[in-house]
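Protein chains in written order, with our numbering: chain A, 1 to 306; chain B, 307 to 547.
Derived by calculation from the structure, the hints in this document are not laboratory data. Don't take each hint at face value.
Computed list of chain B residues with no C-beta within reach of chain A, every gap over 12 angstroms [claimed, not checked]: (1) Gly405; (2) Gly455; (3) Ser466; (4) Glu478.
Going by beta-carbon spacing under 10 angstroms, a handful of chain B positions derived as facing chain A [stated by the list, open to error]: (5) Ser398; (6) Asp418; (7) Thr460; (8) Ile490; (9) Thr529.
All figures in this text were calculated on a predicted structure; none of them were measured in a lab. All residues carry an ideal CB built from backbone N, CA and C; glycine is no exception.
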Amino acid sequence: MRNLGVKILIIAAVFTVFVMLPKIADADGYSLEINPGIIKIKASPPALVKTGIRIKNLSDNPIELGYILKPFVASEKNSGQIKYLLYSDYTSKNFNFLQRIKVLEDNQAISKIILSPKQEKNLTILIDLPQEEEQADHYFSIVFLTQSQEKLDSNYSRIIEGIGTNVLVSIGTNQYKALIRDFSTSVFVSQGPVKFNLKIENIGKNFITTSGYIIIDNIFGQTVGKIDIKPANILGKSTLEILKDDVVWQEKFLLGIYTAKLYLNYDDSTSLYREFRFITIPIKILAILTIAGFIIIFIKNRSKTH
Amino acid sequence: MWLKKPKNFAKKNNRFMKITSSYLKTALVLIFLTIYPFLLSQRIAAQTISNQIYTIQGGDIEEKTLTNPKDPGNKTAYGNDSHSQPFSFSISSNIIDYGPLTPTNPVYRTIDLVISKGSSRGYSVFAFANRELSDVNNNSIPDTTCDNGTCSETSSAQWSGNLSFGFGYRCEIEAPPCSKDFLIENSFKQFANDSKSEPFRSILNGIDYKKAQIKFKVNISGTQARSNYSNTITFIAVPAL
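Turn these sequences into a full structure, and let the hints steer you where they fit.
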């Protein structure tokens, strides 16, 4: 009995040591965390916009960070990814707007910050919009970059890590208009889960945030499924094709005619609706049942003849 | 008969329970004593982050103000994604040492990139080099064009021959978030070169937590000047929209 107690004590001690030992981090690496990942601002000039960013050094080494502001547009892939503009492609509008942005720490404009191991800092993004600011959207990333100056007497590549927050700014009167360009799946579906195609086009000049859900009704009008659509930001004059894996009805056994109804909202006020029907026939199950039926009939007939 | 317990069963059982319970108590106390300082340090760290600008709400800090300097009363409402999960990015090394380079002997090095998308729908990792691998005399190891001379910063190609020279990279996982460009074994690409105003290229695009391995390759020709070559590679991770 005493041995059992000792065993329990040893197991507890070993467990404690394993759980509580600090993980050995690569001393040479970087690890950063930023929050929020996306900042959305709608403003009417003149205005002084302030918003917070929290940045944390997750590594065990102190890190010095600088920052850059990089304007972007939506990627041509329509996947919700971004594409940075080349410096040579900046317009005067880009230059003017970027000059109005400051990063503050304790109300002081900064160009660099130092983070101790595991330290996090709260920074303020300040955008000063004068009366004459043009009514338009501006999209840019605030990218914090490590400032390594490490050198070797050898052949080497120095690695810099950057982590960014995307900032979407809409100035002035907003005009929103979006269209559902595609809401479909295969006409015949043999088995679940069912993946839907969903493509939304923002034909307005300002960015929108969409959210919504899909209701699936069976042939009797009963609701048999619901899929929530994750909120997504679509930049002005761009299209978002939501990945098929993001819009999935997980039902596996399907039989009959179903109606998929899409309810989509953008900017909390406007809503869009689209529906379509799809036919499901569980071909594999039917084939197995048919073969099984033939086998049973064959066996019965054989037993009768004998 | 087989159900009959020994006379001193209850007594023994009690003693066993006492021993076990005393060891369990000791174990629990040990665990608590080990965990407590750790919890306390976390708590202290969390308390030191507040300042007058922010309102702390259970770890999510997000304050938005929008004021007209001429008319502070005239505020326009705007919203952000509140209570969002942080976005994080880690790189396993801050320098890659290729060591001494000898002609037609390719050198391979790898680094790991780890991305956690937090509340965002996905992420992209962009990469670019500040210049070709160069020395102080402006001699440089050119970016690879791979075996058939066709790979660039936008398209990949196979690079396995030791007589194809240059500097390039590949993404080692044959699945997202690595691009399909790297499905073929030994397919490499060039980094976008900032000094030539080549646009930053997204080398990873993903929708969930992922670890990817980037493999660097350098191979020099016999005519390459003996020197120390270096450059800076920047990896930028940003959330998807």
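Here is what the structure says about each hint:
| no. | hint | verdict |
| --- | --- | --- |
| 1 | Gly405 | 6 angstroms, violated |
| 2 | Gly455 | 23 angstroms, holds |
| 3 | Ser466 | 21 angstroms, holds |
| 4 | Glu478 | 16 angstroms, holds |
| 5 | Ser398 | 5 angstroms, holds |
| 6 | Asp418 | 8 angstroms, holds |
| 7 | Thr460 | 13 angstroms, violated |
| 8 | Ile490 | 21 angstroms, violated |
| 9 | Thr529 | 16 angstroms, violated |
Violated hints, in rising order: 1, 7, 8 and 9; the structure is consistent with all others.
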